[in-house]
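Number of protein chains: 2
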Amino acid sequence: MKKICIIGVGLIGGSVVRGLKQTKDVDLVTGYGKSEDTLIKAQELGVIDEYSLNIKDAVSGADMVIIATPVDSIEEVFSMIEPHTSEDTIITDVGSTKVSVIESAKSVFGEIPTRFVPAHPIAGKEKSGVESSDAELFNNKRVIITPQNNTDPDALQKVTSLWQSLGAIVETMSAQQHDDLLAMTSHLPHMLAFGLMDYLISNNPDAIDYAAGGFKDFSRIASGDSVMWRDICLNNAEEITKHIANYQKTLDKLSSLISAHKSKDIEKLFKDAKSARDKWLDN
Amino acid sequence: MKKICIIGVGLIGGSVVRGLKQTKDVDLVTGYGKSEDTLIKAQELGVIDEYSLNIKDAVSGADMVIIATPVDSIEEVFSMIEPHTSEDTIITDVGSTKVSVIESAKSVFGEIPTRFVPAHPIAGKEKSGVESSDAELFNNKRVIITPQNNTDPDALQKVTSLWQSLGAIVETMSAQQHDDLLAMTSHLPHMLAFGLMDYLISNNPDAIDYAAGGFKDFSRIASGDSVMWRDICLNNAEEITKHIANYQKTLDKLSSLISAHKSKDIEKLFKDAKSARDKWLDN
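Chains as they are written, first to last, in my numbering: chain A, 4 to 286; chain B, 4 to 286.
These are calculated hints, taken from the structure and not from any lab test. Glycine residues also receive a C-beta, built at the ideal position from the N, C-alpha and C atoms. Hints are supplied without guarantee of correctness; some may be wrong.
[Claimed, not checked] Chain A residues, not near chain B, derived (Cβ > 10 Å throughout):
hint, residue
1, 40
2, 63
3, 114
4, 117
5, 189
6, 201
[Claimed, not checked] Ranges of calculated distance between the beta carbons of each label pair, as one might list FRET restraints:
hint, chain 1, residue 1, chain 2, residue 2, range
7, B, 31, A, 264, 19 to 27 Å
8, A, 174, B, 168, 35 to 43 Å
9, B, 271, A, 283, 32 to 40 Å
Extracted from the complex, chain A is given alone in its bound form (with noise of 0.2 Å):
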């Protein structure tokens, strides 16, 4: 590829890019963001070569237009980038929700594009901004990608051969699928880590003192960008109050396993719930 654009240069946007400077795949790489101070850094770690604060310019003439904004930006990157794009620009971005993505690129542009190939790496960092950005992240990670009917072969071809040569393990599914899938794995998991430290805080703001080492790694996902997780939320809100509830079912289940001495049932469920974390450790 001759150009590629990519709009939001940070921990995700910033690894994409640098791992793409790997492969030498790429002739120029121009980088589009809010703030001038981030593009001008990642441009001096050499993350970008060129940047610009005209959307026109930075769009115009790109091969690929990669969205690294937070999720309940893209509409409005959709919008901003629509008028400079071509049938032949393929469009993809990051986004940890699908469902919602889709039906914004809908609602921008009439009918979804067919050269736009919506993506969902996971991996990620503790740490976030271009300076944590990093050309490995996505090596042996999942990408899963989530095509439409109408979505052009040639493009998907594109994007899925652009994650594998970063070293991702590309899957694709429905954008349904993939927005239960992460509601379930990752972002229940994030709402009962805020919810934990919103109850401690709410009832007894000094019992945290009292917290040992197992607390640190079980609270470490409620110490994520609160802006991201708000959109996240509101972008994933449907699947993710599923999951809740269902989850409470099985609350439920174990505080009565509990409250009937249930000694057998209870060590069981602990078991299988020990053998299966670390089955998923060792692969």
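Go by the hints and put chain B onto chain A.
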């Protein structure tokens, strides 16, 4: 002290006596336990000076008996040592719950012995067993002591000094307060993590393949020993189920905010959660 008897030479018991040997406050450490292999290993490692499989020999003449067995077996240990202790023998334990241990003491001894000092060090490691024991395990960690109205001040002072000599920060509170606090800061998070694993296994066993790094941290405490956690549940059932029920109200609140797209309230909850955790980490 001339002789200490440690009953249960695992991670916690082993770490206590390793620490005590460093302070040189004890002439002889005798170990007692169910598994001779463990006792041999403990002796080889220099954790204990000698061991006995005969409880009378192990306990007789000890200035202090430290019970470091799983919380559910403490009543049985009380019954075993009762014939061999005098009114001068200080008895203490390291059990994770305190109300049930005190009830066991009352049930076995007829009344709570004045020289029984219930204690709980809030410290641990991922790996259990005497091999993992560490003289520094309690350094700068909290130890909660839950004296009764009739507790002998001299016994209380000796147990307090023991923990302080291992570098621990000793606090006293009622057994009821302890069990409530620990249910909140330790038992509840463990139930949430075990519950999450159970939820994933029961609903979509393949989903876990899509979990990312945050899940690894969050679920670490679901790898806890199933028998130990079963016993904690059985011995602190009332407090644990109370906190599960109250926590569910927090989940209900969060779920309602998400359903209603209460953007600002969601962000505030997450932000406050993050601040509280960051503040805790800084202390």
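Each hint tested on the structure:
no.	hint	in the structure
1	40	23 Å, holds
2	63	34 Å, holds
3	114	26 Å, holds
4	117	27 Å, holds
5	189	6 Å, violated
6	201	5 Å, violated
7	B:31 to A:264: 19 to 27 Å	40 Å, violated
8	A:174 to B:168: 35 to 43 Å	56 Å, violated
9	B:271 to A:283: 32 to 40 Å	33 Å, holds
Of the numbered hints stated above, those contradicted by the structure are hints 5, 6, 7, 8, listed in ascending order.
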